Structure formats: C-alpha cells, structure tokens
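By the working numbering, the letter at position 136 of the sequence shown is numbered 407, and the numbering carries on one by one without gaps.
Warning: the hint list may mix true and false statements.
[Said to hold, decoys possible] List time: in silico DSSO-like cross-link candidates among lysine-lysine, alpha-carbon distance up to 30 Å: (1) 525 with 581; (2) 424 with 526; (3) 424 with 524.
Treat the hints as calculated values from the structure; they're not laboratory data.
Note that this is a predicted model, so its numbers are computed, not measured.
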Amino acid sequence: MASREQTVIAGGKPLSFPRSGFLRLAACLMAYSSVSAAGHLLTPIHVFISVSVLALFLLERCRQAIVLFLPFLAYVLFYDFFRLVPFSFLTPIHVTDVYLAELTLFGVRSAEGLIPISTYLKDYISLPFSCVAAVFYSVFLPAVPITALVLWKRASSRVAERFLAAFFIMNMLAFMTEMFMPVAPPWYVTKCGFGAPLVPILGDPARLIEVERFLGTHFYTSSYQMSAIVFGAFPSMHAGITALVFFYVATLKKKGLTILAGLYLLGMCFSAVYLEHHYVVDLMAGILYALTVFLLMEVVFPRQIQRSYKALRAFFLADGR
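All chains, full assembly: derive it from the sequences and hints.
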C-alpha cells in the first residue's frame, strides 16, 4: 500500500512527493507574479493565490485537482494580463453597429420607436427582480469549478478535463474577439451615447446599482471599476460559460441536473439583458462560441485533450526526485 506521502499518476505507479513538479509550479507562479509586478498589477490577492496553490500542492489529495484546474488558473492569468493591453490598441470601439444589429434582430416597438429589449425592460425594474438577476449574474464563474467537480464525480476525470479545456479555449477566443473587435455594452449607450470613447473609462455596474443601494455597499461598483475588460460585451461570456455548463451537464443524462442547468442558462440570459450589461446578440454569440467549442472538444479533439493532460501530469506530478 502506498504511503500517505505518495501520489499516483496516470499509469497507476505510486511516487513520492514530486519535488521537481513543485519547483516547476513555483517557477510558473513566480513568473506570473514577476510579470504582474512589472506591469504594476501585483496585489496581495496575487500573492495569496500563488501561496495557496503551492500550499495545496503539498497535500497529496489536492495535487491531481490542481493539475485538473490548471486551465481555470490560466484563464485567471490571461484575464489579468488583459489590463496590459493599451487602450489605443482597442480602438475603434464598436457602439452604433452592434446597437443597430440588436434593433434589427431583436428590437421592440414602443411609443419611442424601435428600442432594444434592455431599454424596454427599464419600465419593469423592481428590487426583487434586480436581486434575483444579481444572484444569477454573480455566480457564473464559481459555477465552473463546481461543474468540473460534478463531472469528475458523476462522469470521469476525462470529461472534467475536456470541460475545463473547453472553458479555457472558449475564453481565449473571446479575449481575441474583445481585443480586435471591442464592443460597448448597453449601459455605455445609456450613460455616454453613441460616440466612441476617446480615453479609457471605468466599468459600470449599470442596474446592479439598485442592489448596491439596497445592500448599502459598493461591491458591484468597485468590482466593475476594477474590471480588466470594459468593452467586452461581444461575445457574452456570461452566456457562453453558462451555456457550456449546460451542454456538459446534459451529457450526464440526469434529468434533474439538466433542468437545473437549463434554468440557470435562461436566468443568466434574462439577467444579462435586464441588468443592461448585454444585448441579445451578445448572448447569441456567446452561446454559439460555447456550442462550437463543446463540439470540438467532444467530437474532434478528445484524444488531444487527454494527451495534453497526461503531459501536464507528467510535468508536475511524475518526478519524485
């Protein structure tokens, strides 16, 4: 029987504590912190995350989980580095064209003429709706590790690996879209009009401000003002990530979980529009990104993902010397 200090890699061979893997992980985290410091991005949160990951790696039961979640950690890294992209690189910012596309495809007729659904919903704003929408909108990222763990336990580690790989690849595609085709969210038109910004502006909580006032905090204002991507409305990754969760949960063929994930997706889409953070076209694009990546991971590249994770385990877990 393997001792408590041993770990098991894909081939089933027990190994002692992977010191080389620990040093490699530490080197990666130090490189991340160094780049963050060079870009004036380093905060106590970065240090806390790095120290926590290294501390968890010392625990035998956590090592496989850390390797499993490396795509999620990489997503956090790349999102943070988006702050280093100069504003001048992000111009022109699309404001009017996406607004007109929304009117053409999903516009609602009113006394004021054709208006976006997000504008139409302003007559139905209420604190209960806003609070429910805030809950849906706020939990999209924690849903990723929760879904991965459910897939790991209910299906297999390989399904969880493909889900997290799909999550990472989808977000990288979204980052590239947001870099080369930055799109203003609905709240920008409400607040600033149709003129493209000439200087960087801070993110805005939009209709989440009602929930802030009710709670007596500045949580959403602070969070959105610290956002690395202000003009990243298209594609909506709130819809994309939630759709990806739905697609993978559906593969479990558990009716209750599938219905729950479906309701979560519908609630997220409504909340994104109601809170004035996305147009419907943003949501459709996000769901299309999710469906495309899901099919690629499950039909075209499942073996490549398996080999990639095998290489990651060999790099971080196999060397016990």
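Of the hints stated earlier, which fail here? none
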